[in-house]
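Using the sequences and the hints, build the whole thing.
Chains as they are written, first to last, in the numbering used here: chain A, 421 to 707; chain B, 2 to 282.
Treat each hint with caution, since some may be false.
So the derived label-pair ranges between C-beta atoms look like this [stated by the list, open to error]:
hint : chain 1 : residue 1 : chain 2 : residue 2 : range
1    : A       : 520       : B       : 189       : 35 to 43 Å
2    : B       : 112       : A       : 670       : 39 to 47 Å
3    : A       : 672       : B       : 208       : 44 to 52 Å
4    : B       : 94        : A       : 495       : 35 to 43 Å
5    : A       : 552       : B       : 178       : 46 to 54 Å
6    : A       : 562       : B       : 253       : 21 to 29 Å
Derived DSSO-like pairs: lysine-lysine, alpha-carbon spacing no greater than 27 Å straight-line [claimed, not checked]:
hint : chain 1 : residue 1 : chain 2 : residue 2
7    : A       : 429       : B       : 197
8    : A       : 429       : B       : 119
9    : B       : 249       : A       : 657
I should point out that these hints are in silico values taken from the structure, not numbers from a laboratory.
For each residue, glycine too, the CB sits at the ideal point set by N, CA and C.
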Amino acid sequence: MMNAIRERKRLQIFGLMFPGAFWLVVFFALPLLVIFVISFMARDELGSPVPPFSLDNYQQAFDSLYLNLFLFSLWISLLTTVVTLLISFPVALYIARSPKRWRNILIFLVMIPFWTNFLVRTYALQFLMRANGPINTLLQGLGVIQEPISMLSTPVAVLIGLVYGELPFMILPLYASLEKFDWAMFEAAQDLGADMRRAFLRVMLPMTMPGVLAGSILVFVPSVGSYITVELMGGGKINMIGRVIASQFGVASNWPFGSAISLLLMVVVTIAALVYFRVGRGERMAL
Amino acid sequence: MTNSTIVVMGDRAEYAPPAPERPNLRLGQLSLIAVTLFTFAFLYVPIIVLILFSFNSARTGAVWQGFTLSWYQRLLGNEALLTAAGRSLIIGIVSTAGSVVIGTLTALAMEREHFRAKAVWDGLLYMPVIIPEIVSGVSLLLFFAAGGIERGLLTLVVSHIAFSMPFVYLTVRARLADFDRSIEEAAQDLGADEAKTFWLITLPLLMPGIVSGALLAFTLSIDDFIISFFVTGKGWNTLPIYIWSQLKQGVTPEINAISAVLLLFSVSVIALSLLLQRRRN
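This is the structure:
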């Protein structure tokens, strides 16, 4: 009798887990395994992977050219994360402290870009900043400038594009943390003699750390591998690692090398995620 | 930026000794408003300008030459665009249905049951959130190529389920975590069997989580460019891929019009989801 019940339970769990587990294994784990294997292969004239196996692709990936692109991508993504955080914190704080009615409207306004097509949004920014776009046309019409200012195709343009694209992904988790923040704690810290800065650093920041970390991960990860933003805002002149990968599967047609870089990118992102989570756990324990 | 913003941001170097409290707080509030206003302007000016220029009759450039609806009229006659939009819609609906069922089942198992290697699955379910889209895209491309599977509708649908299912799972699981199981026990005390309890009690109570998960999955599917770009086959454009290919050929007011329609679509989806949430509460 007991055995029959246990057997039924086991079947039930199997039934519940099977489809999800199947999808994860077949369409996430296996493809990663495939690019892992291919990353050690050579290519034929068409770019398709062929034996023999070697470490050549990884050696090539550590060439100064690609290493610099990696570092540049990491640097831009780090900057994006920091800038987004610095802008989003005051915004989330302001929204969290607004009266309820007003707060709902503001959150709705953050959600619209959050749910809007990323490609379309980035294009909107690019359109605005084009040489013959609205900003330049307006400034020329007003006589402020004679020649159009070139605002695209620079690292700063890519940075602006990334910040623009990722802002909602930082504001929303920060807001979720700040909304739950108990202001009595802040006042208590001040009553006990802490000044504003101390109360912020020692009470508010640690308590909202989960939101800060979640937002940072949500911004950092897509930034490192970004393709759309680099392509549209960089105008083909700025290269980042996501664009290198895409080109290996397009014009450059070198699948094994593209696989090697993809795996390296994944390793970098996983390390970043682990560091974030580790730091996050430490912070919470410090409380 | 004013001094008090710096205080709020916790900058050590430029911190001034606390002034009398009230003015300081008010200044802090003012700078919060300033940053918030700036941010909303930054987020919205490009979108609003784009919509505005979708009504501009000029073919090129950004000089206003008068109001027109002709770009929208052209969309209706654009065969390639309509086909791509129809495909995106079908892929969105099918993959949403798939990821809602799979995500909900997985959430039920992960939240309520105990089994071996559960921590491994927990980690795996976060992978799609952490792996960069471009890596998912190229790995799926090589996977399908290695398996000799022809790329097209099928590969698009299964890939879309793969990246949106974990988001449904997370949303539904969050709802399950707040679930008061005594309601289910009460139903069973009153004579409902397991199946009846599930359909009449558990599922209706989970609905808000499932609906928000579904809307998220649908939006992710409709919006996806990167992964679709790699797993699609020749001539199998989805709407974002169509927009991309047009952008590569140069900006036309038609793209502005498509963008405006997509924006309107997003706004309606959010409004719908908020409305549903409010009614449930």
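Consistency of the hints with the structure:
Taking 35 to 43 Å as the suggested C-beta distance range, the pair residue 520/A and residue 189/B conforms, at roughly 39 Å. As the Cβ distance of residue 112/B to residue 670/A is approximately 42 Å, the hint placing it in 39 to 47 Å holds. Look at residue 672/A against residue 208/B: about 48 Å separates their beta carbons, and that is inside 44 to 52 Å. Between residue 94/B and residue 495/A the beta carbons are some 41 Å apart, a value that agrees with the proposed interval 35 to 43 Å.
Taking 46 to 54 Å as the suggested C-beta distance range, the pair residue 552/A and residue 178/B conforms, at roughly 53 Å. Look at residue 562/A against residue 253/B: about 26 Å separates their beta carbons, and that is inside 21 to 29 Å. A threshold of 27 Å between alpha carbons decides the hint, and for residue 429/A with residue 197/B the separation of about 17 Å falls inside it, so the pair holds. Between residue 429/A and residue 119/B the CA atoms are separated by roughly 16 Å; this keeps the pair inside 27 Å, and the hint holds.
For the hint pairing residue 249/B with residue 657/A, the CA-to-CA distance comes to about 15 Å; that is within 27 Å, so the pair holds.
Comparing the model with each numbered hint stated earlier shows that all of them hold.
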